[in-house]
Amino acid sequence: MKDHEHPLFVRVEKWRRRAGRVRDDVVVAAHGGGGKAMRDLIDDLVVRELGEAVQVDEDQARFEVSKLAQDGDRLAFTTDGYVVSPILFPGGDIGRLAVNGTVNDLAVSGAKPHYLSCGLILEEGLPIAELRRVMKSMAEACAEAGVSIVTGDTKVVPRGAADKIFITTAGVGIIPAGIEVGAQRIRSDDVILINGYLGDHGAAILAARGELRLETDIPSDCAPLNGLVEALLAEVDVHAMRDVTRGGLAACLNELALSSEVGMVVEERALPVRREVAGFCEILGLDPVHLANEGKLVVAVPAAQAERALEVMRAHRYGEQAAIVARCRAEPPGVVTLNTGFGSERILDMLVGEQLPRIC
Amino acid sequence: MCLGIPGQVVEIEDTDKMLGVVEVSGVRRVTNLTCIVDEDHPIESCLGEWVLVHVGFAMSRIDPAEAARTLALLEELGEVQAELEAMRNATTEGESTR
Amino acid sequence: MKYVDEFRDPAVGRKLTDQIARLTEAYMKREKRTRPLKLMEVCGGHTHAIFKFGLDEVLPDAIELVHGPGCPVCVLPVGRVDDAIYIATQPNVIFTTFGDALRVPGSKLSLLQAKAQGADIRTVYSPVDALAIARENPERDVVFFGLGFETTVPSTALTVKQAKAEGVDNFFLFSNHITIVPTIKAILDSPDLQLDGFLGPGHVTMIIGMRPYQFICDTYQKPFVVSGFEPLDVLQSIVMVLHQLDERRCAVENQYRRLVRDDGNPVALEAVTDVFQLRPFFEWRGLGSIDHSGLELKEAYAAFDAEKKYAIPALSIADPKACQCGEVLKGKLKPWECKVFGTACTPETPIGSCMVSSEGACAAYYNHGRLTTLRRPTTGREATT
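Going line by line, the protein sequences match chains C, X and P. Numbering of the first sequence is given in our numbering, commencing with residue 1 and proceeding in unit increments. Numbering of the second sequence is given in our numbering, commencing with residue 1 and proceeding in unit increments. Numbering of the third sequence is given in our numbering, commencing with residue 1 and proceeding in unit increments.
A few of these clues could be false.
Taking lysine to aspartate or glutamate pairs in the EDC-like style, the calculated list, with each CA pair at most 20 Å apart, reads [said to hold, decoys possible]: (1) K2(P) <-> E23(X); (2) K115(P) <-> D163(C); (3) K52(P) <-> E354(C).
If you are wondering where the hints come from, they were derived from the structure by calculation, not from laboratory data.
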């Protein structure tokens, strides 16, 4: 190297090592090509936006096992894909959903969620501004839930091969010693509670798609539930817990009833439903018990502790509308029924597919 | 058949196209009011009215007086029912003491 | 919700069911009758309410509800579903439909399956939304799948009129609109069916008025009570039918006075007669061909007629052999008496359309009514003989 070249070299190297910046307005193929454009995208949108939530140095996250073991004696591990359309909706976006969904999958095992992975599949043409908003909201969601993203991957696919953005998150959490929650612990005299309104997410998404041309400001209920779970586990002997997502309360209770072989009676009139969601459902012939949620869980607790569980839930910001919604019984095993209030019960089954709006 | 739901006309949007906004429990939808407008009921008179909405059309005005009458009939039924119960109980008691 | 919640009050409901029990018992005793009273609720909306609120379970055994043909999805024949799929898979077509029709099985596919295979099929809430899609996509042909009875027909009629007025030339209607009265007549003429009374379709009557049913009283001497769709409406209508039976009279009565006027809705009817005419006959799933029961566009609106634009196969395709939807629709069989109910035919793998719509008698029984069925020691058929 000649003398006069040295300062130049230093300058270029300094520039080269600067965190990259994306100058395009939309995602292009080069952003997934493994070269500088991809580095710029990751630097600018992933590392910069995720900020403290992200801890990526190598191609794999490395954990000290002994450190993890201080929190409990079992590892919980889960994965989920997020493909919601539209990606931005009232009450959240696909980024918030991707963090909270996985956090909740861990939390309902009783685990304290620690680490997440983040796989991004981006469609060419996705506005960078929208991607930035999604990443920012992932960071906020991580901060709220107290988790960090420790490994990730980004791919760009041609236009039409994905719908704007798909996210996959896997999550790792630690289950404290002594915590045992699972469907097999449900007893025939247990009581089932839910932490709030049914169907907000499902209604918010359907409305946000705009196809039905209904105006409402129903927000998605997308929220992390690990705080609420922690509060519950500290006070109540929770037998089983499930997050209520696609398929709604009906699917969730049927799964629990089938795996525990107990029967359940839902009190239709006790179900918490937001006024707007009730109206939305009446217009489209939908039933809130089948609508999706993203910040709801059901818990099965001994009858004697039901009131305490209700108090704990209602004291938490994500449980203000909590309610006792069902009681377990021995017969008929595995069957969920619904008390209509008219002196009769009917079967509450899960649906075959997605609930479709109807006119008749 | 024919899912219909009561809603209130909260806005007249376009008098030529006969469009208004109907609200059902906080959910709003632009609704065609043609079927509830005639010479005696101009479109302006729709504002505040309760109507039955079916597939984006207001199909009929809800008659509040008739609704109240139906409900009153149902209430009355309850009272008659209670009297009958009382009579029946009285008879059974009479029979059993006889 | 105003005009909804007050008609769902379970306390009043219990009083009504008590009254129904008393009236029925007295009537059966006086008439020395052992065969249950058969009341047909014409409309799928009633069927839905009956199962959703478990009303069938709280009625006395001596009342048997027969679930009628008033579910437009349930009576849609296989051939018309195939025609719809044919249109939907033509190049450049956006096919718009109410969600109800998506799962109805055709001879090979349902619309939902055709969508998965690439057809551009979109769910709409209203025919005007289909027209809006046509406006937004002037280079595509937008077809609306017109489904439903007289309640829905005015909305389609007004939409077609609007398309004409605006000069939207890429909007087409595939009309499968049907009328209820000829069908009730066909059911009444069916020789082996004994009905004691009807709950009439509230929303259809809101359009067509009370008069078209008069023949049911005059010719067939059956009580006919036009009923609303909330549980208290349905129960009160049953009480009204029982009163007529008790007093040995029959009349067309109106329980749904808050919405139904004697003359129906003249504005809506005018729009319908302006745009539509009766077809000589129309095929119904399970019921066969019924004269003057289907509606097609009049000549003046021929430019909007999808049946004129597309060479639809228009085949009459027999219902699957194992399927007994027709018997169920006519009330001859209870859903669980059908050979394939709950085994080969379930909401997951529907053979007949009664298993598809949540208003279909079979789907309603399957989804909500299994408890009742399981508890009954005998089947309905045995009980009636």
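Comparing the hints with the structure gives:
no., hint, verdict
1, K2(P) <-> E23(X), "11 Å, holds"
2, K115(P) <-> D163(C), "17 Å, holds"
3, K52(P) <-> E354(C), "19 Å, holds"
Violated hints are absent here; each numbered hint is respected by the structure.
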